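A.B. asks: Below, each chain spelled out in residue letters.
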Amino acid sequence: MKHFSEAELLETYYMQPSEASAIIEHVNGCNDCQDRYRRLAQKLRDVAACPTEKPDTFWTRQRLMIMRAVDNARAQSQRNMRTARVAAAAFLAFVLGGAVVYKSVEPQLKTQPAIVAPAPVASTDDLKVPADPWQSDELKDFGSVVQWETWGESKL
Amino acid sequence: MGSVAIFRVTQINATAPSDSELIARTLGGDGGAFGLLVDRFQRKIYRVAYAIVRNEVEADTVTQDTFIQAYTHLAKFQGRSEFETWLTRIAINRSRDSLRRRRFVSLFTGGDDERPPEGWIEPVDDRPDPEREIMAHQLRAAIEKAQSTLSTQQKLIFRLRHYEDRSLEEIAGLLGLRSGTVRAHLFRAIHKIRKELAEWVTAREDSSNETL
Numbered sequence: 001m002k003h004f005s006e007a008e009l010l011e012t013y014y015m016q017p018s019e020a021s022a023i024i025e026h027v028n029g030c031n032d033c034q035d036r037y038r039r040l041a042q043k044l045r046d047v048a049a050c051p052t053e054k055p056d057t058f059w060t061r062q063r064l065m066i067m068r069a070v071d072n073a074r075a076q077s078q079r080n081m082r083t084a085r086v087a088a089a090a091f092l093a094f095v096l097g098g099a100v101v102y103k104s105v106e107p108q109l110k111t112q113p114a115i116v117a118p119a120p121v122a123s124t125d126d127l128k129v130p131a132d133p134w135q136s137d138e139l140k141d142f143g144s145v146v147q148w149e150t151w152g153e154s155k156l
Numbered sequence: 157m158g159s160v161a162i163f164r165v166t167q168i169n170a171t172a173p174s175d176s177e178l179i180a181r182t183l184g185g186d187g188g189a190f191g192l193l194v195d196r197f198q199r200k201i202y203r204v205a206y207a208i209v210r211n212e213v214e215a216d217t218v219t220q221d222t223f224i225q226a227y228t229h230l231a232k233f234q235g236r237s238e239f240e241t242w243l244t245r246i247a248i249n250r251s252r253d254s255l256r257r258r259r260f261v262s263l264f265t266g267g268d269d270e271r272p273p274e275g276w277i278e279p280v281d282d283r284p285d286p287e288r289e290i291m292a293h294q295l296r297a298a299i300e301k302a303q304s305t306l307s308t309q310q311k312l313i314f315r316l317r318h319y320e321d322r323s324l325e326e327i328a329g330l331l332g333l334r335s336g337t338v339r340a341h342l343f344r345a346i347h348k349i350r351k352e353l354a355e356w357v358t359a360r361e362d363s364s365n366e367t368l
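The listed protein sequences derive, respectively, from chains C and D. Residues in the first sequence are numbered from 1 upward in steps of one, following this note's numbering. Residues in the second sequence are numbered from 157 upward in steps of one, following this note's numbering.
Isolated chain C, as found in the complex:
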């Protein structure tokens, strides 16, 4: 019969194989391996025991520290809430105030469209367009230039 080593028993202890596994079947049937497994498991449990036994003062101090931090967190949260409310109220006031001001100013902003009297239509007969644009009244003050330009064109 093959007995299992301490290392294999250790693996069994941690890995929790199913009851159907070969090693568990063997341990259940072999008194020697069963004893060794029990001893090993006990040893590992002893080693794993956490020293968490503390005096009551330790837990009281810890609780006080937690509650102090919690109180601070609550106070901070309330402060943030108050700030947010004030900010929201200020924003709302600004928006409402703006709306009221806009409403009061609005009529003045809306300018009535100016009614422009239609200009008397000049008859086409009154328009005197000179045949030569250089001879128009608008250019009469620039006579010398006009003459020079006319001379240039005639040369071409």
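Since the hints were derived computationally from the structure, they do not count as laboratory data. All values reported here derive from a predicted model rather than from experimental measurement. Wrong hints could be hidden among the right ones.
What the hints assert, rightly or not - Calculated lysine-lysine pairs in the DSS-like style (CA-CA distance at most 27 Å, straight line): (1) Lys43(C) x Lys2(C); (2) Lys43(C) x Lys351(D); (3) Lys232(D) x Lys200(D); (4) Lys43(C) x Lys200(D); (5) Lys348(D) x Lys2(C); (6) Lys43(C) x Lys232(D); (7) Lys54(C) x Lys200(D); (8) Lys351(D) x Lys2(C); (9) Lys43(C) x Lys54(C).
Unchecked claim - Derived DEER-like restraints, expressed as beta-carbon distance ranges: (10) Val213(D) x Gly97(C): 51 to 59 Å; (11) Asp71(C) x Lys232(D): 19 to 27 Å; (12) Glu238(D) x Val100(C): 52 to 60 Å; (13) Glu238(D) x Arg45(C): 36 to 44 Å; (14) Ser174(D) x Ser77(C): 24 to 32 Å; (15) Arg45(C) x Thr305(D): 18 to 26 Å; (16) Arg82(C) x Ser304(D): 44 to 52 Å; (17) Ser18(C) x Ser304(D): 26 to 34 Å.
Quick reminder that beta carbons are idealized off the backbone N, C-alpha and C, glycines included.
Please build the complex by placing chain D on the supplied structure of chain C, with the hints as guidance.
C.D. replies: Chain D in isolation, oriented as in the chain C frame:
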């Protein structure tokens, strides 16, 4: 007489407010209710934290941080799991952060805070079987030493299994992992530890042969 005692115990248990009642009261602004929750779970949370970080001061800090975080996020607790499970998850996450921070710091300092000093044996006291005690201390030291070679995730899983005696399914549930993933991590961790413990077993066999 006996029935009176039973009645009293039942009465005390019946009047003790449930977790959900205390949570509702806390959310309603009753700070004292949260104090009762702290009182109810602080030892368990400290134990989980200590199992993972293996340092009393850090475990204390992790416990405090866990409750503060739980308080600030209490409104998000939907009651799908037990309050204790929720707290334990927070504690595990905080402890993992602490382990990672320690590993990060050790990269710069070059030291390894978790490695026990060489030849570390606690002083023998006057208990009945000193030899057994020494063996237990040596085994403890070997396991601690072996853990220093594990990754953060392997260490976390191994410690929850070893120190907290949590089943693989429980660990998977607490870490939000699949059971197969937890099994694979634990298997790798155990193999590293087995290698380390092989030396301890050999040394122990040698010493027992000498004694014989």
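A.B. asks: Each of the hints needs a verdict: does it hold here or not?
C.D. replies: How the hints compare with the structure:
For a cut-off of 27 Å, the pair hint linking Lys43(C) to Lys2(C) stands: about 23 Å separates their Cα positions. Under the criterion of a C-alpha separation no larger than 27 Å, the hint pairing Lys43(C) with Lys351(D) is consistent with the structure, at around 18 Å. Between Lys232(D) and Lys200(D) the CA atoms are separated by roughly 22 Å; this keeps the pair inside 27 Å, and the hint holds. The straight-line distance between the Cα atoms of Lys43(C) and Lys200(D) is roughly 23 Å, inside the 27 Å bound, and the hint therefore holds.
About 24 Å separates the Cα atoms of Lys348(D) and Lys2(C), which keeps this hinted pair within 27 Å; it holds. Of the pairs offered as hints, the one joining Lys43(C) and Lys232(D) is violated, with about 42 Å between alpha carbons and a cut-off of 27 Å exceeded. Annotation: proposed proximity of Lys54(C) to Lys200(D) holds, straight-line Cα distance about 12 Å (limit 27 Å). Only pairs whose Cα atoms come within 27 Å are accepted, and Lys351(D) paired with Lys2(C) is accepted, the gap being roughly 22 Å.
Our distance criterion of 27 Å between C-alpha atoms is met by Lys43(C) and Lys54(C), whose separation comes to about 23 Å. For the hinted restraint 51 to 59 Å between Val213(D) and Gly97(C), the CB-CB distance of approximately 56 Å keeps it satisfied. One distance hint, 19 to 27 Å for the beta-carbon pair Asp71(C) and Lys232(D), holds here, with the actual separation near 20 Å. Look at Glu238(D) against Val100(C): about 55 Å separates their beta carbons, and that is inside 52 to 60 Å.
Under the hint 36 to 44 Å, the C-beta atoms of Glu238(D) and Arg45(C), about 25 Å apart, miss the expected range. At roughly 25 Å, the beta carbons of Ser174(D) and Ser77(C) sit within the given window of 24 to 32 Å. A hinted range of 18 to 26 Å for the beta carbons of Arg45(C) and Thr305(D) is consistent with their spacing of about 23 Å. The hint said 44 to 52 Å for the Cβ distance between Arg82(C) and Ser304(D), and at roughly 50 Å that hint holds.
Separation of Ser18(C) from Ser304(D) is about 32 Å and conforms to the stated range, judged on CB atoms against 26 to 34 Å.
Hints 6, 13 from the list above are not met by this structure, while the remaining hints are.
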